[in-house]
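Trainee: Going down the list, the sequences are from chains A and B. Heads up: the first sequence begins at 125 in my numbering, then just goes up one per residue. Heads up: the second sequence begins at 33 in my numbering, then just goes up one per residue.
Please note: incorrect hints may appear among the correct ones.
To be verified - Below, a sample of chain B positions facing chain A; criterion: calculated Cβ distance under 10 Å:
#1 D72
#2 S116
#3 L131
#4 N133
To be verified - Derived list of chain B stretches under chain A, where covered just means 3 residues or more per stretch with a C-beta under 8 Å from a C-beta of chain A:
#5 119-128
#6 243-253
Honestly, the hints are just simulated from the structure, not real lab data. Note that this is a predicted model, so its numbers are computed, not measured. Quick reminder that beta carbons are idealized off the backbone N, C-alpha and C, glycines included.
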Amino acid sequence: MSKPETSPTGWLEARLPIVSAFRREYVDFAMPRNLNYLWNFGAFATIALALLIVSGIFLALNYTPSVAEAFNSIETIDRHVSSGWLVRAIHMGGVSMLFAALYVHMARSLYYGSYKTPRELLWLTGLGLFILVMIAAFAGYILPWGQMSYWGATVVINAMNAVPVIGPALASWLLGGEGLGSVALHRFYVLHFVTAFSIIGVIVLHVAALHVVGSNNPTGVEPETSDDVVPFHPYYTTKDGLGLCLFLMVYAVLIFFAPDLLTLANNYAMANPLVTPGDITPEWYFAPFYGILRAVPFKLGGLLLSAGSVAVLFAVPWLDRSPVKSARFRPVLRWALLGLFIAFIALGVAGMHKPTGLWLGISRLSVAYYYAYFLLLLPFLPRFEKTRPVPASLRGENR
Amino acid sequence: MKRVLLIGLMALPLTAQASTPEQRGFQVYRQVCATCHSLDHVTFADLSGIGLAVADIKAYAASHQVPDGVDDDGDPKTRPARLSDSIGSPYPSEAMARLANHGDTPPDFSRLAMTEEGGAGRIETILRSYEPKPAGVVLSAGSYYNTAFAQKHIGMPPPLHDGQVTYADGTKATLPQMAQDVGAFLDWVAHPHRSARSHTGLAVLGYLAGLTVLLALLKHRVWKRVKENRQ
Ligand code: HEM
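Input sequences plus hints: build the corresponding full structure.
Mentor: Dropping the structure here:
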């Protein structure tokens, strides 16, 4: 295979074998032949992130992180910078598309047991990515310095202040000691792009871990013979490509025909510390966590449960005691998991409403179920659940 | 006959004052609302987006004075506004705006059609909902009876009256007509790139749709191999 040193590729190969590495990892790489379209969503997330970074760089060329100028500079980008409105729409839409892709990606991993041995590190690096994406999105939303930017940040800072002993000190250290002003805004700007760029590095880890153990598949049965696998190219390049086109079409519809779905109109009014908006609502992708925060009558409790809802995910590979990976063969878990997805969505809807009456009831019930799923059902269900027979090979299901 | 029609059509853009709702709305803004309301984020040059002639915009800009640093004695100087300046506010400061309006500030118009719940339609309704105060209702100084609000009053004096402006295109300037026109103008001000947005969107979607079809065919052909050699 190896070319003589005299050819340009041979010369490069002898020093830095990136061409052969690329061939090995992205052309010949063995993939289970039975992946469904839910395995596209990792690629969707990667593309959404790439578009976010590129559009973000162009936004940064014209953005000014100060209380006096931030709102102005965003208006200038939107109105006067050529194609600025387009760049901004791509960036704002990209966040929603990234979160949507991530939620499906995570749901897929939960359903097919992709977090189980030997893929624990994939799950953990994935969660690291999820947290980084949340931090970047939170910091980014403050930058335009609209009413929701300001008051959304205030909610989070107040929650932080509720942490005993270290809370207030931590908050004032983060904000630079003078509350939510220019110093803090500048810091959120730096935090925003530093987390955004670190995400790239963690994606490299995530995908490297994937390429050590290979992809899981809908049966949860590891591929064994060469009949079980197909090379990544051309099989999954075409399948991912087709999926990506559809993903980009949804993205395009969102930014070109429904741009108002992406922002709360309130954020087009400049931040005013003297005017509290009627109800402070989060962006949709934070709504479930906001729902948990407000389901609890005292701040610290809400904060703990909200942070805990992400923290508990880190333990999932060890909480689930069943040897069967795919929920296809777990008749009870399948419904229990559907319940988890419904509870999470219900929390999101409740998070967009004032926490009173029915909405409060719904969010409390959902929080309880969310925790019960992870802390009770995952560890104890395998003792009672009668699983369906798992096929001997991943092709078994096709016969 | 045909020829006459053709010549008539060709001459149309030059002679007729074919003004759009946005252009008429701008005239209402300029002659009425601009005494109190600012357009902080909109520049004079932006007005070409509703099809105003550059010469007209230049003349409009030149009628505004903007601060221009200080002279050699340290006294503030002004100069006529240029195309790249923002249309800005009629008041030198927010405090002055408040003082002139019984303690209320006239909100900036740049995004009002977006932040106002109900958009341009709501603005139109507000302008049309001034009514004589019913007997027995007491309003404080600087408050005006308006049925568009739950509390039935607003701090803005009724800005529009029938025939207040004279439209260059001959449209009759009734109050509802002016309200609708200024609503259209404010809607454009809040969404200046709406038409570019939908044109670009259609092009992008068309391109992606074509690509989707090609990739679907390709994917189908590639995967047929796997399906065929299945035992
Ligand atoms: C910026 C965020 C992320 C990116 C760009 C990303 C990217 C990817 C890609 C390209 C794949 C392979 C294709 C696929 O299976 O869909 C993958 C697999 C995987 N990811 Fe992610 N991911 C991200 C976040 C996450 C998160 C938040 C989790 C879960 C907490 C996660 C868990 C996994 C797992 C378990 C797999 C292997 C799935 C399997 O083979 O069945 N990832 N990721």
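Trainee: Now, for every hint given, state plainly whether the structure supports it.
Mentor: Outcome of the hint check:
1. For the restraint placing B:D72 at the interface with chain A, the shortest Cβ-Cβ distance is roughly 8 Å, inside the 10 Å limit, so the hint holds.
2. Taking 10 Å as the C-beta cut-off, the interface hint given for B:S116 holds, the closest approach to chain A being about 9 Å.
3. The beta carbon of B:L131 is not positioned within 10 Å of any beta carbon in chain A (closest approach about 18 Å), and the interface hint is therefore violated.
4. This hint is violated: B:N133 has a C-beta 17 Å from the nearest C-beta of chain A, more than the 10 Å allowed.
5. Counting residues of the segment 119-128 of chain B whose beta carbon lies closer than 8 Å to any beta carbon of chain A gives 0, which falls below the threshold of three, so the coverage claim is violated.
6. Taking a C-beta to C-beta cut-off of 8 Å, the segment 243-253 of chain B contributes 6 residues in contact with chain A, enough for the three needed, and the coverage statement holds.
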